[in-house]
Amino acid sequence: MLELVIFSTLNGLLYGMLLFLLASGLTLIFSMMGVLNFAHASFYMLGAYFGFQISRYVGYWPGLVFAPLLVGGVGALVERFGLRAVHKHGHVAELLFTFGLAFIVEEVVQMVWGKIPVDYRIPDALNFSAFTLFETTFPAFRMFMLLMSVATFLGLLILLTRTRVGLIIQAALTHPNIVGTLGHDVPLVFMLVFGVGCGLAALAGVIAGPALVTQPAMAASLGPILFVVVVVGGLGSLSGAFVASLLIGLIQTFAVALNISLADVMAPLGVTLTRESFGGDLWMATVAQVAPIIPYLLLVLVLIFRPHGLMGNRDT
Amino acid sequence: MNQRTMKTLRAAAFAAAATLVSFGASAQNIKIAYIDPLSGGAATIGEHGLKHLQFLVDGINAKGGVIGGQKLEAVAYDNKGSPQESLVQVQKAIDAGVRFITQGNGSGAAIAISEFVAKYNERNPGKEILYFNYAAVDPALTNEKCSYWHFRWDANSDIKMAALTNFMKDRKEIKKVYIIGQDYSFGHAVRGAAVAMLKQKRPDVQIVGDELHPLLKITDFTPYITKIKASGADSVITGNWGNDMSLLLKAAADAGLQLNWYTYYAGGAGGPTAIKQTGLDHRVFQISEWHTNVPSPEMEAFADSFLKKYGGASGQGWWYLRLKNQMDMFAQALNQAKSADPLRVAAALRDMKYKNSLGAETFMRPTDHSLFQDMYISSFGSGGKYDEEKTGWGWKTIGVIKSQDTVIPTSCKMKTPA
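Note that the protein sequences, when read in sequence, are chains L and G. Counting with our numbering, you get residues 1 to 316 for the letters of the first sequence. Counting with our numbering, you get residues 1 to 418 for the letters of the second sequence.
For the record, the hints were derived by calculation from the structure and aren't laboratory data. Mixed in with the good hints there might be a few duds.
[Claimed, not checked] Below, simulated PhoX-like cross-link-like pairs (lysine-lysine); rule was C-alpha separation at most 25 Å, straight line: (1) G:Lys309 with L:Lys115; (2) G:Lys172 with L:Lys115; (3) L:Lys115 with G:Lys396; (4) G:Lys71 with L:Lys115; (5) G:Lys92 with L:Lys115; (6) G:Lys415 with L:Lys115.
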């Protein structure tokens with residue numbers, strides 16, 4: 001049991017931190033520009049594919065540096081020449097723009113790298129097990145994923161709270177007009193934030209790519225979960241996104257371990273439910289079986305009962 | 001009408017004529033549509049299966065084709081692994097003039113296709129379609145949901161589970177079993193059969209886990225592996241295929257999970273590599289109609305030439321003897337019927353006896369249109385003539401179940417066309 005708890009916690013934290021790398025950029029972009037970027041997970045996918053492509057020529061490590069930079073550059077260009085042009089038509093136009101972009105990226109990725117998963121390998125230097133506990137090994141690469149995302153989180157935190165750039169970004173978050181009046185180039189700040197957000201997503205892609213299968217469906221399967229994180233955490237709240245990421249990471253991992261079903265819960269109350277009862281599988285499905293939809297249940301509940309999320313300061 | 005419009009019109013007319021000509025040429029070909037996942041979580045095996053089909057079609061054509069010189073032609077359609085999308089693709093294939101379709105990955109899609117074809121044939125007499133199933137093994141397809149237009153070349157899930165549990169019966173070291181499978185018709189069938197048969201053959205064995213997970217959606221099985229480890233199981237039974245098999249084994253390899261695996265499809269893409277990585281030498285078992293180390297000069301040479309042509313960097317070789325049986329029997333049925341009319345092909349196929357490339361007798365049972373053939377239980381590990389995915393490890397036969405011993409009754413009440 002202890003073993004299950006320890007490893008589920010580790011894996012949950014790992015998954016949560018990865019989610020945070022993505023959600024942090026998404027929430028920064030949203031709070032600053034008011035753009036809910038549907039294509040955010042696409043930049044995560046681009047990161048994985050760029051990393052893969054670079055790794056084929058010069059190995060994994062250069063990819064870890066250059067893929068996020070490249071994708072960040074692509075993101076900045078998208079902001080400069082795409083979003084900024086659409087901006088004057090309002091938020092709905094921006095939303096639709098990113099929505100379309102997500103499909104285009106997926107199609108382009110399929111055309112360039114094919115529809116089947118690419119063989120993105122864990123670097124040899126990390127292809128061993130970090131430690132063994134209860135006869136279960138924990139791969140070094142997972143340890144690396146965890147440490148990388150924690151380090152990025154700390155870096156981001158310092159950047160935002162301890163530097164001048166961070167100061168301007170924080171100010172632009174809430175009062176873009178005043179920041180502009182003070183002589184700062186707000187559009188440039190927007191472009192940089194969008195680029196950095198995309199770069200962070202790409203970093204998550206390079207870290208996760210070798211472990212979680214680099215394939216054209218990876219953006220579409222992760223995208224919806226990101227919105228859950230951002231909404232549950234509170235739109236525009238970085239700390240909220242952090243808490244929500246870890247929460248959802250842990251929920252998803254621990255849910256798999258639980259075999260309790262509604263029928264089990266009702267049994268002590270004297271209610272016997274079987275597959276043949278009205279409702280059928282609804283009673284028999286275990287928590288483990290419904291694990292993938294639990295975050296969405298959370299999304300719905302949060303929207304009803306706490307529309308500004310766990311830590312947000314404005315309504316969704 | 002000015003000159004430019006005339007020019008455009010003339011060009012268009014010419015293009016149309018050219019298209020007609022090219023259609024005319026390919027109309028001679030007998031098309032077989034391959035409707036399987038070419039994107040999504042099963043794309044890797046779907047793509048590899050397509051190479052199988054292409055290789056077989058090329059082989060038949062190189063030997064002079066069928067019915068005195070007509071060529072076969074494989075056409076691929078991506079069903080994305082989904083039953084709904086399969087029907088869209090079947091319709092597309094029919095619209096393109098295809099009368100024979102084949103599919104194998106996923107019983108959900110298989111049942112949808114079989115029902116669609118049955119309905120279509122009822123409404124369009126004289127334009128019948130045949131559906132050749134090389135791998136979807138939900139027993140329902142040849143029992144309560146059987147159809148005259150559906151033919152299956154793989155042993156159904158109940159037959160495979162009976163063979164696996166017969167083998168497990170005598171292995172006294174098995175005490176705790178964990179069952180994990182995909183949450184759809186086939187996964188349910190495997191789990192149901194495993195529980196029932198273990199209870200009957202090994203009542204002392206404890207089932208410590210009975211798990212269903214979403215089909216082809218999971219990219220990280222680590223939480224499931226953690227759970228299996230914590231359950232104290234010494235054996236896992238799974239019918240998983242595609243990414244669900246290779247990623248499950250990969251997560252097990254990462255966690256260093258040391259136990260025995262009783263599987264249907266551990267040999268699929270990525271499986272052998274993961275098994276070697278964990279060091280599970282001869283601890284992963286598979287039930288299949290063939291593996292590369294079944295001695296047979298004809299099949300060995302055949303698999304070898306496929307590996308040379310399509311193996312590539314991954315070193316993935318020939319997987320499906322059943323697809324070879326299917327295409328060889330299809331060709332034989334065409335020749336026997338002397339026509340590509342699906343009705344006559346079906347009549348020739350439904351009670352065909354066929355000696356396969358291993359020199360073993362197989363037969364199609366007319367009551368449910370399923371093929372019976374020898375089945376092999378094998379384990380994966382060191383030694384052996386041929387290896388898989390360049391691991392240096394290969395399959396080794398542990399037991400053979402003769403075709404007549406795989407026959408189980410069917411509840412199929414087939415509606416035969418008048």
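How the hints compare with the structure:
1. G:Lys309 with L:Lys115: holds, 21 Å
2. G:Lys172 with L:Lys115: Violated, at about 45 Å.
3. L:Lys115 with G:Lys396: violated, 33 Å
4. G:Lys71 with L:Lys115: Violated: Lys71 (chain G) and Lys115 (chain L) sit about 29 Å apart, past 25 Å.
5. G:Lys92 with L:Lys115: Answer holds: Lys92 (chain G) to Lys115 (chain L) is near 21 Å, not above 25 Å.
6. G:Lys415 with L:Lys115: Between Lys415 (chain G) and Lys115 (chain L) the Cα gap is close to 40 Å, so the pair fails against 25 Å, i.e. violated.
Of the numbered hints given earlier, the model fails hints 2, 3, 4 and 6; all others are met.
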